[in-house]
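There are 4 protein chains.
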Amino acid sequence: MTETPDFQALFDRCSNWGRWGPDDERGALNFITPAKRVQAAGLVSDGTTVSCAHPINTAPDPDNTSPALHFMVRAGDVADGQQVTSLADHLAVSPHGVAHSHLDGLCHFFWQGQTYNGRPVGVVTSLGARANAITIGQDGIVSRGVLLDVPRALGRDWLEPDHAIRIAELEQAEALGGVRVESGDILLVRTGRQARRNAQGAWDSRAALAGLHHEVAPWVHDREVALLGCDGVSDVRAHPFTVTTHPTHVLTLVAMGIQLLDNLHLEDLATACAERNRWAFLLTVAPLKLQGGTACLVNPIALF
Amino acid sequence: MTETPDFQALFDRCSNWGRWGPDDERGALNFITPAKRVQAAGLVSDGTTVSCAHPINTAPDPDNTSPALHFMVRAGDVADGQQVTSLADHLAVSPHGVAHSHLDGLCHFFWQGQTYNGRPVGVVTSLGARANAITIGQDGIVSRGVLLDVPRALGRDWLEPDHAIRIAELEQAEALGGVRVESGDILLVRTGRQARRNAQGAWDSRAALAGLHHEVAPWVHDREVALLGCDGVSDVRAHPFTVTTHPTHVLTLVAMGIQLLDNLHLEDLATACAERNRWAFLLTVAPLKLQGGTACLVNPIALF
Amino acid sequence: MTETPDFQALFDRCSNWGRWGPDDERGALNFITPAKRVQAAGLVSDGTTVSCAHPINTAPDPDNTSPALHFMVRAGDVADGQQVTSLADHLAVSPHGVAHSHLDGLCHFFWQGQTYNGRPVGVVTSLGARANAITIGQDGIVSRGVLLDVPRALGRDWLEPDHAIRIAELEQAEALGGVRVESGDILLVRTGRQARRNAQGAWDSRAALAGLHHEVAPWVHDREVALLGCDGVSDVRAHPFTVTTHPTHVLTLVAMGIQLLDNLHLEDLATACAERNRWAFLLTVAPLKLQGGTACLVNPIALF
Amino acid sequence: MTETPDFQALFDRCSNWGRWGPDDERGALNFITPAKRVQAAGLVSDGTTVSCAHPINTAPDPDNTSPALHFMVRAGDVADGQQVTSLADHLAVSPHGVAHSHLDGLCHFFWQGQTYNGRPVGVVTSLGARANAITIGQDGIVSRGVLLDVPRALGRDWLEPDHAIRIAELEQAEALGGVRVESGDILLVRTGRQARRNAQGAWDSRAALAGLHHEVAPWVHDREVALLGCDGVSDVRAHPFTVTTHPTHVLTLVAMGIQLLDNLHLEDLATACAERNRWAFLLTVAPLKLQGGTACLVNPIALF
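Residue numbers (the working numbering), protein chains in the order written: chain V, 216 to 519; chain G, 216 to 519; chain F, 216 to 519; chain A, 216 to 519.
This is chain V alone, in the form it adopts within the complex (with noise of 0.2 Å):
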């Protein structure tokens, strides 16, 4: 009979919090350094520009519960005569929406009433975040960018979305590409999810989702990993716990202080890789300044 994991252990063995001093905010993205920015713009060789987001989903589909709202202001229709002089638009989203590529602030999630580095759950208010919020990126998050290609290093089209990958998968797609997840990168993890959405139709991924075995939590941790992605949200459905129900995001956003790109689209940037046979990039998160904010939607640009 399988023992349910001691979660605590596993939140103590993560825990940055201390690491950078009692006033940190940042993180592990104090693992970027200005010469680590250097050395992944060392890296561009062709060029090309890759994102890694999806179009903003304005639909409601079984994978899409909040959808964002898109509306014109005044289109062509008003714009003869003098009346009207420019034409304009209207957004309202909220980010966190399963079907939106955003990136997660760390006050986003909470263990036993505590965010990143032992603030109180009550630092995010009505009036939004006194500390932990996405701001902490707001200079640009740049770095090396590392994609793991999980499904292609095992030879699939995809992972099915109760596959917990286990760190010896992730080093089998490391070695696959011939590098090395290290200090300061932004790790990218392709579960496939685009790709079998696109051959099997959409389903609702709160219920079921490929996403990290729980064990990588500490091999994230030892990689110094300074911003984690995924095409999913990086935790897998279901996992063994029941004392939170998305322990990655526990142990990234509040152990770890590692904020997280949920949702990527990363098919396109695979598709790069491949062809170059190179599976790092200089990648460039560019998060709007939204104080107090939780989370923004974001187009992750790699360039290689």
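There may be inaccurate statements among the hints.
Since the list gives no way to pick one copy over another, a pair counts as held whenever it fits inside one copy or between any two copies.
For lysine to any residue, the following SDA-like pairs were computed, each having C-alpha atoms within a straight-line distance of at most 25 Å [stated by the list, open to error]:
| hint | residue 1 | residue 2 |
| --- | --- | --- |
| 1 | Lys251 | Asp354 |
| 2 | Lys251 | Arg234 |
| 3 | Lys251 | Ala487 |
Since the hints were derived computationally from the structure, they do not count as laboratory data.
Here the structure of chain V is known, so what remains is to put chains G, F and A in place on it, guided by the hints.
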């Protein structure tokens, strides 16, 4: 007595319609080649990042008539027990507002019933733009950025709101910086708007704002600028034209097919450039993939 | 073999175009005279009020694909000290959603490119409707309300979603209630949709929903109904027409100039009527004064 | 030298806490009995309806710092062919804005950390108010409405923005109208704000606005007013208190449990009353059923 300049002649002088074929929607982004990006990445030397965006402004003031709306979906006050496992927020914005750092799509303006490359204004429907939408840069706009700091070149802290920047002043800034705007560059023009606001308080920029004299448009055309940004809106108020409220918007967006970065925050960038006496850098603009959109908020990131 | 009914003939049979002059926008609201309102007020006898609206639905479910958004602007968690002196919220809604009790304006539908009284569909611009807007009832729609409880008349708890209500069934409900729908009445038709949902769970009402058979439209016309409401959307799915998705919407909104109350909550009203064996009452609908609007949420109040 | 009045004493003098039991949330709505409604319906004599609401204001002006947002979801420009079968719109609003006619829920204000009937301010969470929400009137607030037209009673077109209405002035208006405010009435007080705005233009009403002198609160209490409305916000600016910004809001919403109708449009109502020399009428307020809400837009309808 001064004669009103002939706007249509100016438009024709600058027009890129047909330059990249009748179906082209990318406009001046065509100037950014892979080789250009590689060259730009080669500028990276110390690994510092600088944001060119203002914080998202949710507070109404004389210069923010369409504040963004930022609400918490759920805050820490309901995080007790198991009821709520994460905290979340919501953002709604009409990005063209004068307080918001944003990218204008080519369909934002029109001239004589047409948008860039001769498409009728009716392509911008109440369901979104069917052409010339904000998405042309969705794979990332990455190139060499050049900052021309006009007040610095003139030995001032800022330009007064009625100041129309002339070609000679831009070239004075080039000379001072030892830089020349070339094909495929992203040109950023600083007027010192924020410095003036800090010193003298907010004013209604829709009534008065420093920007480019209309003689600059052909210069921008001939230099083959790929993207134009400003801490104002590139247009100056007032100007001599009665046929259009925004001559520079029309000449760039409609005639030349140049998207605009409006209301940038260029103070930190100007400081970073002055400290290094280097006015060129790798610049990444990562617009959200908003299909049919006329604009989106952006946070352009310079990498030195 | 059944022949498809001639929709244009039905439209012409029901049309009120020109009936109140070529400039009329009030349509069937013209049937409500001051004398009619005085008569309706005379029905008040016991002073009980009953709401005919659902709670505003913010939770996505199979029958709520466009949930309302309700956010707190500031909650009690920031009410300490003098920082915040009041608490506030924000509501955003697309009222036509199938879960929302709302009033349809005449411009919501069109037929052959025209809205009520022959106005081209182009009067509904991206800046709002220039005619046939929701505002025709902005001074209050107050008249005699009549509830026809069809499932009750048929001895059932609810009508199945494919049930097309016939004239004979409406008249059976009239007979049972000892009431007759007359000129200027607000007619409310109960299908028992909520009772079915309570018993069997939510279903996608856009696929199947009880409503009025198309033979009812001329009956509604001849009875001179001023406003039509239903716990469904008055239309039945499916129906025999291919030329329109919503025959009853087109016949009421476009041909007759009758606004519609969609997705009402009629369970409490049905109970109140049955308890009194009285099926007529003073009804007040107070639409928001939304200039150029196509619809608005409403809470119709019956007074017994 | 004037002494600052004792606000706590005033609060205690007016308090209805416990009056209807410790669990009561309806507050002064308890004064509206079925018999009261029957009496009010008996006032109907000529069948005229009058709205007491402003059009929803989407245009920023000095007195509209939080404009409503009204967008078309799809307009007539896309109605060609079978692509789109209906036209629709979207409304977003923070109802407490000073330009919006709205109903305040009891939880909108607090005093010494408590809302009406002693509930802690923490009942208003980021997920909505768990008590004292706007929904207490969701079955309709229907009673006798009484308009006291203060400027008319004083022989003026409007009250200046620093005018604090005294008891004697209200009673002068009663005498002039031959009416007396009684238990269960909905009291509407006209200051002529709109007349002044029409004549002199918009001003920032948050800085100066005519309203009730604080001596009026006990009078409102003793008359057993069920609901209080004003073309201002009932509060006067300025007032002598430093312990609260809105003494009348606190005394009504918190102490007495009286909901407020703010920013009404009372010009048409005043005209209708004057024409008939009748200052009482049937009034219906139909708040949206917004669970947990602090306010909602309303369109109160008077029936003569």
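Checked hints:
1. Lys251 x Asp354: both (15 Å within a copy, 24 Å between copies)
2. Lys251 x Arg234: within (19 Å within a copy, 41 Å between copies)
3. Lys251 x Ala487: both (22 Å within a copy, 19 Å between copies)
Violated hints: none; the structure is consistent with every hint.
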